[in-house]
Structure formats: C-alpha cells, structure tokens
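Got two chains here, each in a separate frame; can you build the complex from them with the hints?
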Amino acid sequence: MIRIVVLVSAVLSFFFFPYPVSALLLLAAALLLPFAGFALGLFAEALYFSPGVHVLPLWAIGGACATAFALLVHRFVKTRIIE
Amino acid sequence: MKTQFSRKRNSLIGNSWIGPASLSVVGIAVLFLILRAVAPGALAALGTPFWKTGAALSANVQSATSFFGNATTLTKERDELLAENTALKAEQLALQAKVQDLTKLLGTRTERTDEILAAVLVRPPVSPYDTFVLDQGESAGVGPGMRVLGPGGVPLGTIESVTERTARVLLYSAPARETTSWVGEERLALILSGKGSGAFTATAARESGVSEGDFVYIDGSSFAPVGVVSSVGNDPSSPRSAVGIRPYLNPFSTTWVTILP
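Going down the list, the protein sequences come from chains A and B. Residues 1 to 83, numbered by the working numbering, are exactly what the first sequence covers, in order. Residues 1001 to 1261, numbered by the working numbering, are exactly what the second sequence covers, in order.
These aren't lab readings, by the way, just hints derived from the structure by calculation.
Beyond 10 Å from chain B on every Cβ pair, some chain A residues (computed): (1) V5; (2) L24; (3) L27.
Where chain A lies over chain B, by a calculated footprint (3+ residues, C-beta under 8 Å): (4) 1025-1036; (5) 1047-1057; (6) 1125-1135; (7) 1158-1170.
Partner residues are not named here, just some residues of chain B that face chain A (Cβ under 8 Å, in silico): (8) A1021; (9) S1022; (10) L1043; (11) A1174.
Just so it is clear, CB atoms sit at the ideal spot from N, CA and C, and this is done for glycine as well.
Isolated chain B, as found in the complex (with noise of 0.2 Å):
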C-alpha cells in the first residue's frame, strides 16, 4: 500500500518567504537605502528620536543598576574621588600659574578655535563600524573631516559624513584605520592600527623601548593621549615587537564630544 504522506507545511518554516511579505520588507529596506542615499538628513532625522530614547534607557539602566551597589563600597568610593578631585584642582592650579608664566614669556602663536560641543546619539556597541553618531550637524558648522575630543581633550576621530543635524564620526580605533602616532618620552613613531572598540595594534622595533603604561600620542592640537600601551610581545625570533594599545578614554561611555576644525 502507498504511504500518504502529509504535505502540510509547518506555520514557521512555510512558503511564505517568497509571498508578498518578504517583498514588502525588502522594498521597504530598499526605500530606506534610497532615501539615505537621495537625503541623508531626513534618515537622520527619523531615526533621532529612536537613538535618544535609546541613549536616555541605557542612562537610566546604568542608574538603576547602581542603586544595588554595596553603600559602604560606594561611601568609601566617594571619599577617595573627592580626595582625589582636591588634589587635581591644586594641581591644576599650579600648572595654570605655570602657563600664565610661561605665556607671558615666549608668547603664544595658538589661537583659541570655536568648537562645538555635541551629544553622541549612537555609540559602539550599537553602531557597528566603531562611530558615533552625533546630534550636531551642517546647522551647527560641522564639516567633514573636523577633528572630535572627548572629555578632556582626548582624541577620538575625525567627522566622516554629515546631515542637517547629525554627523557621522569615525574612530581612530576602527578596523584597518591606521593614524600616525608617537609614543613615550622618548617620542617614538609608530603608525597605530584600529581594532576596534577603542583598542589599537602597532609594531615597534624590540629595541626601541616600548613598554607597558606608555602613553600613545596623536597629531593634533590636543596634547592629551590617545590611549596606553598595555602589551608589547617579546618574541625573540622577530625583530619587531607587536604593542597593545587600550584605549585612554573608553568610547562606550562617552556622552559628550568637542568638535574642532
């Protein structure tokens, strides 16, 4: 006797994918990819709120979570930031005393730039590709190519694309960039690579005397370091030695950037 079988479909896994839903979405993502490309703003501009409602939830979630910590733990925390903070003011005012000084010497060929403070949006890991994505834009006077600090003057990138009102900052750290650097007191070259994520990669000489806790320096009108050497490899068979770089500012937490010319 023949065997009947059953050629009922299962609901999850039918013939569905090739009906009018699936081309429905990818009309939709196409018209997404279209728009982007024909007005880049008007993306930008539907996808602001979603990116500050998701920026203002992870605020709130890191707020809550904190609200579990060990209160002694966080007591003794706070009495050693504000130690700290005191001793950083005292110092910081001596090497304003100290720059006044200096300035009134030899005088000063910088000129004070206008820079504008933006909020990021979007910032790894959300966005893929090491960005961020910033709430200022062409209204604002951003251009491409305008160098982004972090607090305390810390490099991060350069704006890559710009809206309206957004702009698109790509991270020295991103995959395959490479930016030249120097590291140490000694100064050394290096021409660092993005890992991604704020970490970078370089090769130095064994003998050039790398070692862990230098600060990596970039170009730039910023004098603060761009990240830490954390590892340098010792294999003896290679003449160079590969140097682990963590980032000096960590991009996930970043919440406000300088936009410079």
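Chain A extracted, bound-state conformation (with noise of 0.2 Å):
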C-alpha cells in the first residue's frame, strides 16, 4: 500500500509540486520499489523535456541513477538480513 501511496505522490508532485520535492519522492519511490526511479525520471523527461532545453536528459539519467542505487541497498540489506 505504501508502494502505490509514494508512487502516486511522486507522479503528482511533476504537476503540483516543486521540482526539488519531486526528486525527492522519485529517490523515496526508488527505494521502495526500485525500477519506479527510471521510470518517474521516464515519465518526467515525456512531461518537460525538449531537444532544445538541454543535452541531456536528466531527470532520466537521475532515475536510473535512483535505481541503481535502490538495487544496490537491496541486495545490501538482503545479505545483512539473511546473514
């Protein structure tokens, strides 16, 4: 239920909430279920993203990141769990 709570949150906040808050619950979102990260960055770069506003596309790039890192701290907190 807290997954689809913060993941819901996270897709609203691109509409209502600053973008600083919405990196926020994209890296929250990511760690409660990691692959969201990539896409909220995914959906994020459909919503604003021009060829013109940028090279990149960050908020991409920041969600991939965001799972990377949210695999990373689960495989962590697995081990350390069934250890």
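In structure tokens form, the structure reads like this:
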C-alpha cells in the first residue's frame, strides 16, 4: 500500500510541487520499488523535456541512477538480513 | 548446533522489485514517452487539467496565507502602492505625450504586430529545465522561435516546442543558455549565461564600469530590461570581473505572458 501511495504522490508531484520535492519522492519511490525511479524519470522527460532545453535528459539519467542505487541498497539489506 | 536464520523478507524491501508491478510501472512510463514522441498534443492534453489544478491550488494557497498578514502593515503597503500608482500614471501620461510628439516629428518604422496572450500553466520551480508551459499552441498561431514577454514587456524566453494547444518556453535564464545583451548607460555588450531560476552570470573587463543596479537589456522589440546587475566581482588577479545578474521579473510568479512573432 505504501508503495502505491509514494508512487502516486511522486507522479502527481510533477504537476503540483517544486522539482526538488519531485526528486525526493522519486528517490523514495525508487527505494520502495527500484524500477519506479527510472520510470518516474522517463515520465518527467515525457512531460517537460524538449531537445533544445538541455543536451542530456537529466531526469531519465537521475532516475536510472536512483534505480541503480536502490538495487544496491536492496542487495545489501537483503544480504544483511539473511546473514 | 547449526543456527537457523530467518529468510522471511522485510515487507518494504522484498523481492517484488522485479515482479509485475515494476514491469508495469516502467511499461507505462515508456508508453508515455512513446506517446510524447508520436502525438505530443495528446500528452499535453492529458497533463493540462493537472497543470491547471496545480496553478489554481498555488494561487489559493497564496491568497490564504495573505489572510494572516498584519492588517496595519497591509494597509500601509496598500497606501504606498496607491501613491506609487498615481505617480506612475502621471509619468505614463507624460511619456505618452512625448512619444506622440516624437512620432509626429520623426514618423515610425515599427508596425504593430499580432500579440498572443497566453496563461502560464507550469513555471519554475515546478517545471524543471527552467521552462514554462503555456496554454496556447499551434491553434492560436504560436510557432517555435517566437519571443515571449512577461508583464511590462520584460523578455522571458523563446518558444521551444509547440503542440496543438500548448507551448513550451525556454527561458533566457535556462542553465548554460547564452544570450547577447548590453548593460548600463554605456550599452556595454555582454554575453549572458543562464544560471536557472531567472538569474544570469556574465564576465566584463574590470575597467568597463559595470556597477550594481545597472539594467541589462537583450535584443528584440521590447525595451524593458531582462535583469539588474546584483554583484560585480573584484578579483585583483583577474583582468575580468564576474557579473551577477538577478531577474527584473520573477519567473516564479509570472501568470500571463505575451507571445510575439
């Protein structure tokens, strides 16, 4: 349930809240559901990116980084729990 | 005795990250991306109600917080604004008369252009990349490259992309965007470099005479300044000074803009 709430909040934040809040929610969503980070990054690019605004799609890259970070955290935490 | 460890997963950080939920989320996001590429107007139409709700909510929050303001301070502020308004009206009348006299004397080479009025659906800091999303698009005659002016004719940016009913504006202050400009009464040429959130930086020769409070202008039909010099660096080891420029118009509070061809 908390995953859905954070995921929906992150999606809505792209319309309502300043982007630093969206970035925090993206990170929170990624920690709960790692691939949500990348997905939310793609969603932000779909809403706001245009070829002229920046050389790189920063949100997609940031989302991918958040996903990678979350996957590392999951592996680490899981290992610690099992040991 | 061999110790038995629990393999029960934590409810928050289990293995479900690779399950159907993750695939669905990524699938939906990719679908949005494809939709944006194939039919950009459709995604803008989907997002417009949310953007409008967000703009209305932020306006309501602003008016609600002003309710708690100090009544005496507000009354004083209102009186000051009324006095300032009266003075500005008188000044405007004098300037209008002067313009009419000069136009009669010199004639005019400028033709009235068709302006398009548009509401700002999303502005920084909600929109990343220092962009605006406007509620007018191709159907209203908006096209890429058109100039966008704020209240008072303050230059804000140019149209970056257009859909049927919306347009994206890239602000002059977008990070790393460079714009030719001039500063001060000496009309010293500068290259403005965007810093985001309306701010700019530039470099000028130390002896150029740029000082704090000088207005910064850019090319275009508007003669309103784009920014005001807020700081001038004074590093004795460098022949050039770093110039900090704050926006003349706060992009965070801009609600209406004018689009010019």
